[in-house]
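Chains A and Z, in that order, give the protein sequences.
With the UniProt record's numbering, letter number 77 in the first sequence gets 77, and the count goes up by one each step, no holes.
With the UniProt record's numbering, letter number 30 in the second sequence gets 30, and the count goes up by one each step, no holes.
There could be a bad hint or two in this list.
[Said to hold, decoys possible] Here are the in silico distance ranges between beta carbons for each label pair:
id: 1; chain 1: Z; residue 1: Ser121; chain 2: A; residue 2: His113; range: 29 to 39 Å
id: 2; chain 1: Z; residue 1: Pro128; chain 2: A; residue 2: Arg121; range: 33 to 43 Å
id: 3; chain 1: A; residue 1: Ser291; chain 2: Z; residue 2: Ala167; range: 32 to 42 Å
id: 4; chain 1: A; residue 1: Arg121; chain 2: Z; residue 2: Asp168; range: 29 to 39 Å
id: 5; chain 1: Z; residue 1: Ala34; chain 2: A; residue 2: Ser152; range: 37 to 47 Å
id: 6; chain 1: A; residue 1: Glu69; chain 2: Z; residue 2: Arg289; range: 52 to 62 Å
id: 7; chain 1: Z; residue 1: Glu36; chain 2: A; residue 2: Thr71; range: 55 to 65 Å
id: 8; chain 1: Z; residue 1: Asp168; chain 2: A; residue 2: Glu334; range: 34 to 44 Å
id: 9; chain 1: A; residue 1: Ala22; chain 2: Z; residue 2: Ala302; range: 49 to 59 Å
id: 10; chain 1: A; residue 1: Pro245; chain 2: Z; residue 2: Asp168; range: 40 to 50 Å
id: 11; chain 1: Z; residue 1: Ala32; chain 2: A; residue 2: Ser152; range: 48 to 58 Å
Keep in mind that the hints were calculated from the coordinates and are not lab data.
C-beta: ideal position from N, C-alpha, C; glycine also.
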Amino acid sequence: MTDTTIRPVLEAIDVSKHFSVANGIGDAAVVRAVEGVSLRLLPGRIVAVVGESGSGKTTLARLLARFYEPTTGEIRLAGAPVGRTRRARSEKTYRKAVQLIFQDPFGSLNPLHRVRHNLERAIALHHGRMSRQARDERVASLLERVSLVPASDYLDKFPHELSGGQRQRVVIARALAVEPRVLLGDEPISMLDVSIRLEMLNLLDSLRREEGLAILYITHDIASARYLCDDIVVMYAGQMVEAGPKDEVISNPQHPYTKLLVESSPDPHRDVAVDREAIFGDADELGEPPSLIDPPTGCRFHPRCPFAMERCRTTEPPRAVLAEGRWADCWLHEVGRAEELHEAPMTELITRRLSEETR
Amino acid sequence: MTTTALTARNDAARPVGSDTVLDVDGLCVEYAGAGEPVRACTDVTFALRRGEILGIVGESGSGKSTLITALTRLQRPPAVTTAGRVLFHPQDGEEPVDLVRLTPRKLRALRWTSLSIVLQSAMDALNPVMRLGAQFVDALREHDRSMSHTAAWEEARRLLGLVGISADRARSYPHELSGGMRQRATIALALACRPELVVMDEPTTAVDVVMQRQILAQVLRLRREFGFAVVFVTHDLSLLLELADRIAVMYAGRIVELASATDVYRTPMHPYTRGLRDSFPPLHAPVTRLEGIPGSPPDLRALPSGCPFADRCPAVMERCRTELPLLEPHGGRSVACHLHDEGIRP
């Protein structure tokens, strides 16, 4: 994340996205979906963005894919700011470099067309006219790159004839058709069956290793993020709260929310002799993320945080830059209390705080 | 209480005794279509002890949802239960009843009071145009005619409190609640009439991990207080390893392994169970390259004559291609795999 020798291929700099929505009585409200997010994607590196639904991770992916124009902030492709004017030519250059893979492989392929057509269309749009033979070769090599071999078995199939895993491979092959430098995966495995998810993660990993793609992996599953990525960014209520190398972030969270997320995640390799009541015992009341129409002042996690201090309620926490390329937006670092996070049983502390408040 | 004519094969999967609340034997469910009927559940046999949490895990198409709609008699055509029985043993020592053959009227009397269900999508399970509390009042008064409206409303407020929803929310409509709150409300609703058995169909799949942890913590606490048994269906084995007492692993419509959560994790006997366990990357343990399970599940319309897992199995043998392995007891657990046949060492 801090490697300055490699230039980022795609960069978001202090990007925010606000949506206007009409409420029930016709008044407009503003949803602050993403606020002040900066992110750098480097060639051959995978960054995972983890967070709950509503944390802004999908909005972030769509900002990076330029489905949305940022409200403020800037997106840079290979160092050059991406213009606000939507000129067709620059659009096309951008899409050639940055491709988005959706969550639902069932909805992202044209069901009326065979695999061949789905891929050829992407090739034709981005490479212009090609001889029949050259096009056939390209389609076959794309399918090989996503391990759909022999390609002839798949070319003439319709999407509904493929399994979920095969479909997602075709979606990735189509993204690769334009030879992008960045892949944005928005929960690319969450709709696939458990037994084939790993194949998909391994495929993304080999694309990164062998072709030097920069990959953004958006997920709510921390264990899969740890399996695939180099760095993890944690989002909460539209903001980034912590980032750093994956193992450090997961084994030693420096933000109370990260700690809550890690504690809540199932770990199949937790010692199963651990008492079930001990695992689930004190997680009765964990609160919920705030509304993004009227987010809390100060730190957005303060209404749930067991460490919340007066300043957390009033003032946004400063970024604490830590060793090993890590940072966390939390006041605990400022007041020298970050040590307390390490041993804190977060689910238990939050449950205690919130149930005392309701009492 | 005990049923007659148990074959030896069924003993381990169904240790039938006075502490059994549900006893499923040889259940088969088919989907009748234009052509050959498709068998989505075949010969499913297990017993559920009182107060136990039995996890049922499987991928899409494994038959887990078909199984629970058959168990709870919520199935709709074209699904038909073609064989087997589902014996429910009431706590008060009354004669067991076969849910498969029960008349709709008697079934209706059992619902909520003895057997209830929590569905994946809480939005669909709650009536969108009724206040939350009114839906509790409905269920409560339907099964206890002597309960006054005021008392039922008071009970609704108390039940919501059990899952951490403040009592004044009883006056809210479902759309005014967050997804996590709605799901907790359906759990409270399922418990309203103190059932002995709650079937939960992916109750936390639509919520985030933090809410999932909270919901499961509440389910465990409520189970301690009320003592109901749970059939918990999910595709997430990692969750069941932490939550369930025993786990039934389904593949292509059959239970292929049934064992305690500890045994499933430490010593899975079926190669599919092992593969599934190894499909979850660890959260803290060192990361090694994992492969998942190559291939995809078989088409239920064209099942092979042998083991349905044979094509994906790393330990496939000659006989797996021709002979279907049945669920056999091995100590306190059961597995359907030729690797564990007499005379063959795994």
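*Hint says 29 to 39 Å; check whether the CB-CB distance for Ser121/Z and His113/A agrees.*
32 Å, holds
*Is 34 to 44 Å a correct range for the gap between the Cβ atoms of Asp168/Z and Glu334/A?*
The hinted range 34 to 44 Å holds for Asp168/Z and Glu334/A, with Cβ atoms some 38 Å apart.
*asked:* Is 37 to 47 Å respected by the C-beta to C-beta distance linking Ala34/Z and Ser152/A?
replied: 31 Å, violated
*Using the C-beta atoms of Ser291/A and Ala167/Z, is the stated range 32 to 42 Å upheld?*
22 Å, violated
*Look at the Cβ atoms of Ala22/A and Ala302/Z and judge whether their distance stays inside 49 to 59 Å.*
52 Å, holds
*Outcome of range test on Cβ distance (Glu36/Z, Thr71/A; 55 to 65 Å)*: Holds, since Glu36/Z and Thr71/A (Cβ atoms, about 57 Å apart) stay within the stated range.
_Range hint compliance [Cβ, Pro128/Z to Arg121/A, 33 to 43 Å]_ = Taking Cβ atoms as reference, Pro128/Z and Arg121/A lie about 41 Å apart, which means the hint holds.
*Is 40 to 50 Å right for how far apart the beta carbons of Pro245/A and Asp168/Z are?*
46 Å, holds
*asked:* Taking the Cβ atom of Arg121/A and the Cβ atom of Asp168/Z, is their distance within the range 29 to 39 Å?
replied: Given a distance of about 55 Å, which is not inside 29 to 39 Å, the answer is violated.
*Confirm or reject the claim that Glu69/A and Arg289/Z have a C-beta distance inside 52 to 62 Å.*
40 Å, violated
*Quick one: are Ala32/Z and Ser152/A within 48 to 58 Å, going by C-beta?*
With Cβ atoms ~36 Å apart, the hint is violated.
Figure legend: structure checked against the earlier numbered hints; hints not met, in rising order: 3, 4, 5, 6 and 11.
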